[in-house]
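**Student:** Each chain, letter by letter, is given below.
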Amino acid sequence: MTPLIFSPEFGLFTLGTLGIIDLIAATTNAFNGTLLARSPSHYKHFTIIGVALLGLAGGIGGGTLRDILLNEVPAPLVNPWYVFFCVAAILLALLIAYNAGEKFRAGLLSFMTAFTLPWYAIVGADKAMTHHLGYGAAILIGVIGTTGGRWIIDLSCMKIPQQLVRGEFFVGTAALTALLYIVLRFSLGVDIVLATAVAVLFGFGFRLLSLYMGWEEWEPSEPDELRAGEKAHHSLSVDIHEEFEER
Amino acid sequence: MTPLIFSPEFGLFTLGTLGIIDLIAATTNAFNGTLLARSPSHYKHFTIIGVALLGLAGGIGGGTLRDILLNEVPAPLVNPWYVFFCVAAILLALLIAYNAGEKFRAGLLSFMTAFTLPWYAIVGADKAMTHHLGYGAAILIGVIGTTGGRWIIDLSCMKIPQQLVRGEFFVGTAALTALLYIVLRFSLGVDIVLATAVAVLFGFGFRLLSLYMGWEEWEPSEPDELRAGEKAHHSLSVDIHEEFEER
Amino acid sequence: MTPLIFSPEFGLFTLGTLGIIDLIAATTNAFNGTLLARSPSHYKHFTIIGVALLGLAGGIGGGTLRDILLNEVPAPLVNPWYVFFCVAAILLALLIAYNAGEKFRAGLLSFMTAFTLPWYAIVGADKAMTHHLGYGAAILIGVIGTTGGRWIIDLSCMKIPQQLVRGEFFVGTAALTALLYIVLRFSLGVDIVLATAVAVLFGFGFRLLSLYMGWEEWEPSEPDELRAGEKAHHSLSVDIHEEFEER
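Keeping their order, the protein sequence lines are chains A, B and C. For the first sequence, this note's numbering begins at 998 and goes up steadily by one. For the second sequence, this note's numbering begins at 998 and goes up steadily by one. For the third sequence, this note's numbering begins at 998 and goes up steadily by one.
Here are the simulated lysine to any residue pairs, SDA-like style, with alpha carbons at most 25 Å apart:
#1 C/Lys1156 - A/Ser1038
#2 C/Lys1041 - A/Ala1172
#3 B/Lys1156 - A/Ile1157
#4 A/Lys1100 - A/Ser1038
#5 C/Lys1156 - A/His1039
#6 C/Lys1041 - C/Val1084
#7 A/Lys1156 - B/Lys1041
#8 A/Lys1156 - B/Lys1156
#9 B/Lys1156 - C/Lys1156
#10 B/Lys1041 - C/Gly1211
#11 A/Lys1156 - A/Phe1112
#12 B/Lys1156 - C/Met1155
#13 C/Lys1156 - A/Glu1214
#14 B/Lys1041 - B/Ala1097
#15 C/Lys1041 - A/Trp1215
#16 A/Lys1156 - C/Ile1157
#17 C/Lys1156 - C/Leu1091
#18 A/Lys1156 - A/Glu1099
#19 C/Lys1041 - A/Ser1207
#20 C/Lys1156 - C/His1042
#21 C/Lys1156 - A/Gln1159
#22 B/Lys1041 - C/Met1155
#23 B/Lys1041 - C/Ser1038
#24 B/Lys1041 - C/Glu1214
#25 B/Lys1041 - C/Gln1159
#26 C/Lys1041 - A/Met1155
#27 B/Lys1041 - B/Leu1091
#28 B/Lys1100 - B/Leu1206
#29 A/Lys1156 - C/Leu1152
#30 C/Lys1100 - C/Ser1038
#31 B/Lys1041 - C/Val1168
#32 C/Lys1041 - B/Met1155
#33 C/Lys1041 - A/His1039
#34 B/Lys1041 - B/Leu1152
#35 A/Lys1156 - A/Glu1216
#36 B/Lys1100 - B/Leu1088
Keep in mind the hints are simulated off the structure, nothing from the lab. Remember, predicted model here, so these are calculated numbers, not experimental data.
All chains, please: the whole structure from these sequences, using the hints.
**Tutor:** Structural data, given as C-alpha cells:
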C-alpha cells in the first residue's frame, strides 16, 4: 500500500545523472552541516537530535528550497535515498566530531566547505534552465540551492548568515560555478558528465584557492555614521573577524 | 464573484475527518503561540498586532510549511475557517494572558504545549503518505508540521529554536506520534478516528510524562574546545537552562 | 534552446497591468532593502555581495513568498525583468548610500518605506482573490507579500522583525491597503488602474501620515512578570525605541 524505503521504484539507478549529483550534494552537505553544528562557532548546547536536525537542514535544506521555488515536491522528500544517505553522513560526522582532534576537525570542515560547494550549484542551475527560467534566475537558484542550507543553520544558531559577510567567496564560488556549468551545458552543449566534472573542479579549486590565498568578497568602505555605530557593535565585529581568521 | 467566508463551499462539514484534525491543530497552536509570544521568555515589546501575527504563525505556520512541501496551496489559506478559528483562539489567549495569574498562565502553557503536539504530527504524516512519500519523509513532514510554527516564532523572537535544545522531547514526541499513526493507519489499516485517538493519547501522554519526569533528549558530551567556548556564552547557556527549569 | 534575457516572450509589454505593478513593487523594495542593509541599524560588516543579496531579498522576497503560497513558480524568477530592474535599483541605492549625506539617506529611507508599501499589498490581494481564496487569506497574502522581504532582512541582520514591534503602522498600512483594493476591485468592480491608483494613494498617504503624526500600533500593557524581565532586556528595549525615534 505504501512505498517501501527500498522499493525498485526508488532505486538508486532510477535517479539519473543529475539525481546522483543531487544525492552527492545532499550527503556531503549533511556531513558538513553536522560538523558545523558541532563547531565552537555554532554550537549552542544542542541536543543530539538538534545537531542531527541541523545536519539534515544543511543536507536537504538547499535542495528543498530549490524545488519549492521550482514548484515541485522536493526531490529529497520524494526519494528515500536522500534521507538515508544524509542520516549516514550525520552519524559519520558525529563519530568524527567525537574521536578526532580539534585540528583535524577544523581542517576537515574547511575542506568540506569547499568540496560541498559545487554540487548544488550545478543541479540548481540545470533544473532552473530545464524549467525555462532565464540565466539570472538559474544562477540565483544555483546560489540558493548551494547556500540555502547554511542560511537555515546560521539563523538557527543566531549567527549572521555566511552569505552576507566575508567568507572566502562563498556566494561568489557558487554563482561562478553555476554560470560556468550553464555556459558549458546549455550554450556550448557539452555532455552533462563532462560539464559537471569541469564545474566541480573549478568550484572546488576556486574555493580552496580563495581559502588558501585569503581572497575575500569586497567589503564596502564605511560611511561615517556606520563607523560611529561600529563602536557599539565592536565585540560582534571582532568576533566575526576572529571567527574567519580561525578558519 | 468571490468566495464568501461562510459559503457552503467552505462549510465545516466539507472538511472531512483529516480536515477537522488539521483545524484542531491550527486552533490549539494559535492559542499556544499567542501565550508563548506573551511569555517572559519570548516577549520583546511586541505590539498587539505583533503578538497576533506570532499567534497566527504558530497556528498556521506548521500546516503552511507542510503543504508547501507537498506542493499544494496551503489548506489554512484555502479554507477560511482556519483563520477564523485562529483569530478566535488568539483573542481568547490574549484575554487569559491579561486576566489570569502568572502561575495559571505558566501551567496552561505547559499543558497546551503537550496538548497541541500530536495533531499536526498526525495530519502531516497522513498527507505525506497519501502523497506516496516514504516513511522517513512522512515522519519528517509530521515533525515539520508540528514544530515549524515554533521555529518561526523562536527565530522571530531571537531565540535558539526549541527543536535544537533540551525541551522534554519536543521533536521526539512529534516523531514518535507520527510513526505510531503511520503504523496504525497505513501498516495495520486501523480506522482514521481510532488511529488518531490512539496517537493523540500517546503523544499527549508521552509529552506530559516527559514534562513531569524531566525526560530530556540526550545532549552530547562536549569536546574540550566547546567547553572553553562555553565560558564566553555562559549567560546564554544559564539562561536557556533556567528557562527550561521554569517551565 | 534557453530563453534569452530579452526575448520577446519575456517582453515588458507581456507583463500586463498587474505584472507592471508587481515589477514596480520589486524594484522599489530592492532599492529600499539596499538602503536598509546599509543603514546603521542593520549594517553588520556585510560585503558588497551581502548588501546586494539583502537588497534582492527585499525586492523579490515578498513576491516570491506570495507565489510559493499560491503554488506558482515565483513571477520574479520566471520573468527576467524583475532581477534586471532589482539589480539596477540596488546599484542606484549603493551609489546614493555612498555619495549622499546622512540626513538625505535617512529621509529617503523614510520616504521609500512609505512609497514601497502599497504595491505588493495590491498584487498579493489581487492574485489571492483570483486564486479563489477568501478575504482573510487575500489580506494575509497582501501583508506577507508586502512585508515578507523585510522579515528576511531583519532576521538575517539579527533584528526583531519590524512586523512585531512599533513601526508606524507597517503591517496595518499593508492590511488596510489590501482590504481597500479588494473592496474596490472585487466588491465594487472598479477598473484595475483606478483601484490601484486609489489604493496606492491611500497606502502611501496613510503611512506618511503615520510617520509624521507618530501613529503607532497599540503595545499591550505589560503584566508584572514581563516588567520584571524587562530590566534584563533593558538595553535591547532602549535600543529598539531609540531606533524608531531616530527614523
